[in-house]
Each structure stands twice: as C-alpha cells, then as structure tokens.
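Make one complex out of these two single chains by using the hints.
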Amino acid sequence: MNRYLLPAAIFAGLVAVLFIGIQRSPTKDVISSPLIDKPAPVFELPVLGAEENFSNASLAGSWYLLNVWGTWCPECRNEHDMLLEIARSDRLPIVGLNWKDDDMAALAWLIELGDPYIVNAADREGRVAIDWGVYGAPETFLIDDQGIVRYKHVGALNPAVWQREFLPRLPPLQSELQP
Amino acid sequence: MCASAARLRQLLRLLTLATLLTVTAPAHAIDPTELSDPQLQQRYRALSQELRCMQCQNQSIADSPVGLAGDLRREVRELLEAGRTDAEIREHMRARYGDFILFRPRFTLQSAWLWLTPVLLLLIGLYVAVRVIRQKAASVEEEEADSPGRSS
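Which chain is which? The protein sequence lines are G and W, in order.
Numbering-wise, our numbering comes out as the position in the first sequence, counting from 1, plus 982.
Numbering-wise, our numbering comes out as the position in the second sequence, counting from 1, plus 106.
A portion of the hints provided could be inaccurate.
Each pair of labels, with its calculated beta carbon distance range [what the hints assert, rightly or not]: (1) G:Pro1075 with W:His198: 25 to 33 Å; (2) G:Arg1109 with W:Leu120: 45 to 53 Å; (3) W:Ser142 with G:Asp1127: 40 to 48 Å.
Hints are computed from structural coordinates only; laboratory data are not their basis.
Note that CB positions come from ideal geometry on N, CA and C, so glycine has one too.
Chain W with its partners taken away, still in its complex shape (with noise of 0.2 Å):
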C-alpha cells in the first residue's frame, strides 16, 4: 500500500514536471531576437504565432526553424518597425501567400460555415437538450398522475 502511495507521488512529481516542461520550452526556443520596443516584441510574439509556416505546414513561422519561416520573422520584424498595423501586416502575407498562410482565416463567403457551424451545432444541440428535459419532466409528471395514492 505505501509502496504504491509512493510511486503514485512520484509519477505525480514527473508529470508536473513534463507538464511545465511543455509549457514553458516554446517561448523563446526558435527566435531569440528582441525588439526594442516591448510593445512591438509583444505584437510580434503574437503575429508571429498567427502565421503559418508554408514549409512546414502544421506550424507557425515562429515554432519553425526552417530558412523560409525565418525570413518571414524577419519580415514581421519590418514592417512592424516601420510602423505598420497587424492587419496591414496579415494582409502584407495574405496578398502574397494565401488565405493559407493565416492560422485565423478571414470572414468571406468561401470559410463562412467554418465560422458558422460551431454556432449552429450549439444551437441544434441546445434545441436537442431542451426537448430531452422536457419530455423527462413530462413523463415523470405522466408517471406521477398515474400513481395518484403515492403522493397522497
């Protein structure tokens, strides 16, 4: 019994470290630049997850270490040095690579379901709920009328 007590703790112990581990390794582990400015360091944190590396198609150019995913850091770093907004630097990369290169793709006609269905699923499954409910607290009602003596 302690003997397993003990190894549960220690499996405990290894997960929380595996679990910070994770958290905290990304941050900074590609790109060490800084910007002068922590504001902008902060925005280019934040862009920099937003863009999809077009090498390595399932990360953002800032976990990428690939020679393309840099050159688009440095890019961001640019632009945002010369003074340009977020959205004018998303449009910057979408106006030469794509809708893809966006890890938040933009409203239009073309991905409208992929914003709309979450919504719609919520709803239909509220609907679906509320219906379930009701007729529960209906057919306990039913039951209820059936066996009058009981209550009484």
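Pulled out of the complex, with its shape left as it was, chain G reads as follows (with noise of 0.2 Å):
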C-alpha cells in the first residue's frame, strides 16, 4: 500500500500544479498593465484632422479615458456605441489615440458613427502606444485627476464592464454626494 502512496502523492501535486497552470494561463485579459497605479506616460501628438498637437498633459486635474483604437480592429466598431453612450452621460472626457491608422479612414468612421471624443491623438508610428503597453485595440484607460493610471480594460467596452469595472472607481457624482 505504502509503495503507492508516494506516485500518488505526486500526481496529485502534479495535477494540482498543473490545474492552476491552466486556470491562470495567461489569455489576453489577463495581462495586468504595469502601469495601474502609475503615473500615465505623457504624450505629445498631432491632433487628428487638425493642424495642431494634443498632450495629455493639458488634462491634469481631471479624470479621463484613453481609448486605444483603430478602423482596422473590427471590436472598436462594436464597443463605439458604449463609448457613444459614456460620452453622453457626461461622467468624463474620453480621448481618443488613434493607433497606427490612416487619417482619412479615421475621419470617416467618426462621420459614420458618431464622435464621442473630445480630441483624438493620432499616433501613427505607433511609438505612443508602445509608451502605454498597448497590445491589442480596442484597450481603454481610466486616468484620474492626479494623472495616475487607475484601470487598463482590454477588449471592448460595454454596460456590463463599465458597470463593473469603472464605474466604482470613479469620483462620486455631486448628486451622489448630496441625496
């Protein structure tokens, strides 16, 4: 009996070990940006479809969202009606660093389905994006007024997600803090 005991033994570890190997093996939503808690890189961009530069550090002391998309990544058209709708509720402004995209086609997708952008950084060599550990569009960040990096969501945004994950962590409303 006791000659069993041991391989058993090991087995089971083994398949312990290997069960959280596969339970946390690392899918592209896990990936946890170095940067949360972070001060957020500062940028410095042409603002697209306009003559001039946008830096984000023109928006220190407020809270926002930096949305990382593309016309070439087809999940950004599905989140655009949930960034649409956050635009609308008017909880925070919602910059857009427009990855390696050509211009022209940007421009007409914001024609086509709306802007809920206050401005839109357009990083066209993509160096900005590396700066920001970005690997995969759609990706959003919650930067609050300190200008520290708060939340990395990658994927698409929708109510569920923004319920869940960035709603908590923003500053409660006026309204809220007066009932």
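Laid out in structure tokens, this is it:
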C-alpha cells in the first residue's frame, strides 16, 4: 500500500499544479498592466484632422478615459456605441488614441458612427502606444485627476464592463454626495 | 532488400533536408534590418529573441510578422543605437508590458518556484537514485552472504 502512496501524492500534486496553470494561463484579457497606479505616460501627438498638437498633460486635474482604437480593428466598431453612451453620460472626457491608422479612414469612421471623443491623437507610428504598453486594440485606460492610471481594460467596452469595472472606480457625482 | 535500403536512404536524405531547412530558415526571415555595427546587430538579434510578441503570445518579436512586433523591434533598435545596455532595454520593455514580455522571467519571490523547482527535482531524483542503488547493492551482498558455497 505504502509503495503507491508516494507516486499517488506526486501525481495529485502535478494535477494541482497543472490545473492552476491552466486556470491562470495568460489570455489576452488577463495580462495586467504594470502602469496601474503609476503616472500615465505623457505624450504629445498631432490632433487627428487638425493642424495642431495635443498633449495629455493638458488634462491634468481631471479624470479621463484614454481609448486606443483603429479603423482596422473590428472590436472597436463593437464598442463604439458604448463610447457614445459614456460621452453622453458626461461623467468624464474620452481621449482617443488613434493607433497606426489612416487619418482619412479614421475621420470617415467618426463621421459615419459619431464622435465620442473630446480629441483624437494620431499615433501613426505606434510609439505612444508602446509607452502605454498597448498590445491589442481596443484598450481603455482610466486616468485620475492626479494623472495616475487607475484601470485598464483590454477588449471592447460594454455596459457590463462599464458598470463592473469603471463606475465603482470613478469619483462620486455631486448629486450622489448630496442625496 | 535492396529496394528497402534505397528507400531508407531516400527517407534519410529527406529528413536531413527538412532538418537543415528548419534550422536555417528563421534566422533572417521576418526582419531584414541590419544594424551598422555588427556587435549591435548581434545584441539586437539576441534581444529580439528574448522579448515576447504580446499579440501572438508564443512567438518572440524576432519571429512575428505582426505590426506591433515590428514596432517593438524598432524600439529595441533605437534603444541599442542610443547606447542603452541590454538590461536597460529589458527593463524599458518590462516597465511598459510587464514581466510577461520577458521570455526569461526575472528571479522574484513570485517566480522563485519556477527557477528552483528543476533544481529541487534534480536533488530528489539524485536522492532516489542513490537509495535504489544502495538497496540493490545491499540485496546483492545479502544474496552472496546467503549462498557462501557458490563463491568458494
């Protein structure tokens, strides 16, 4: 009996290790960003469709979303309605980072689907995206009034994600403070 | 007999060819860029083999044709040409993409078991082997002691 005990224990241990490994195997959604709770990388890029530059430093003191998108990204189309809804709710401004896209295509997209962004920065060479650790659009960062990255979502936004992950992290509305 | 030997030779030749092809093909397949300094070039090759393509997670940025891998290679090249050390470049990438981008994870409290398990297993194996060999030796000696007539 005893001679089967050790191999059985080793086998059980192996099963446990492999099971944990499979459970926690890194899918694209799970890779946590090292930027969380760190200062958001500052960038300055041309504004999409304008002859001027935009820097996120100009948003110091206010919460904002940074949404990474491109017209080549099918999931971005899926989340667009949600972005429009967030913009309508007036909770916080959405900055677009138009990642490795064609300016004309991006502008046409915004005309066709509506424009939820206060401004779009054109990251034509993808350098700013690397600084932000972007690896797949769409990605959405939540930045607080101190310029700290509070949360990052990889994949399309939808009402469930917005309610579960973003709303609880936002500062309370004035109306919520004074019932 | 003769026919099967010829077939075997043919198969061997095919296998050799296939092996040679797999060994040589990936070397410069994706990225034809050459850095001016051969030493930098060598470090560039090595580094880009060590960094994971975050989009196609089981390839390095040296092996992947996707856009982001190309951008990351450009980043590595520029950092090399700016005179950064390999360690600085790895840290530059880790600060942006996390430990996951490094194919060779750092030694941290979290990854300690990853590094130490093989050593531990080797020690266990050695211990078991020594015990088995000793037991065998002991039983052989016993047998010899049991039948003294044979040896004399």
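Outcome of the hint check:
The hinted window of 25 to 33 Å between Pro1075 (chain G) and His198 (chain W) holds, with their beta carbons roughly 30 Å apart. Arg1109 (chain G) and Leu120 (chain W) have their C-beta atoms about 46 Å apart, which keeps the hinted 45 to 53 Å range intact. Range check, Ser142 (chain W) to Asp1127 (chain G): about 46 Å between beta-carbon atoms, so the 40 to 48 Å window is met.
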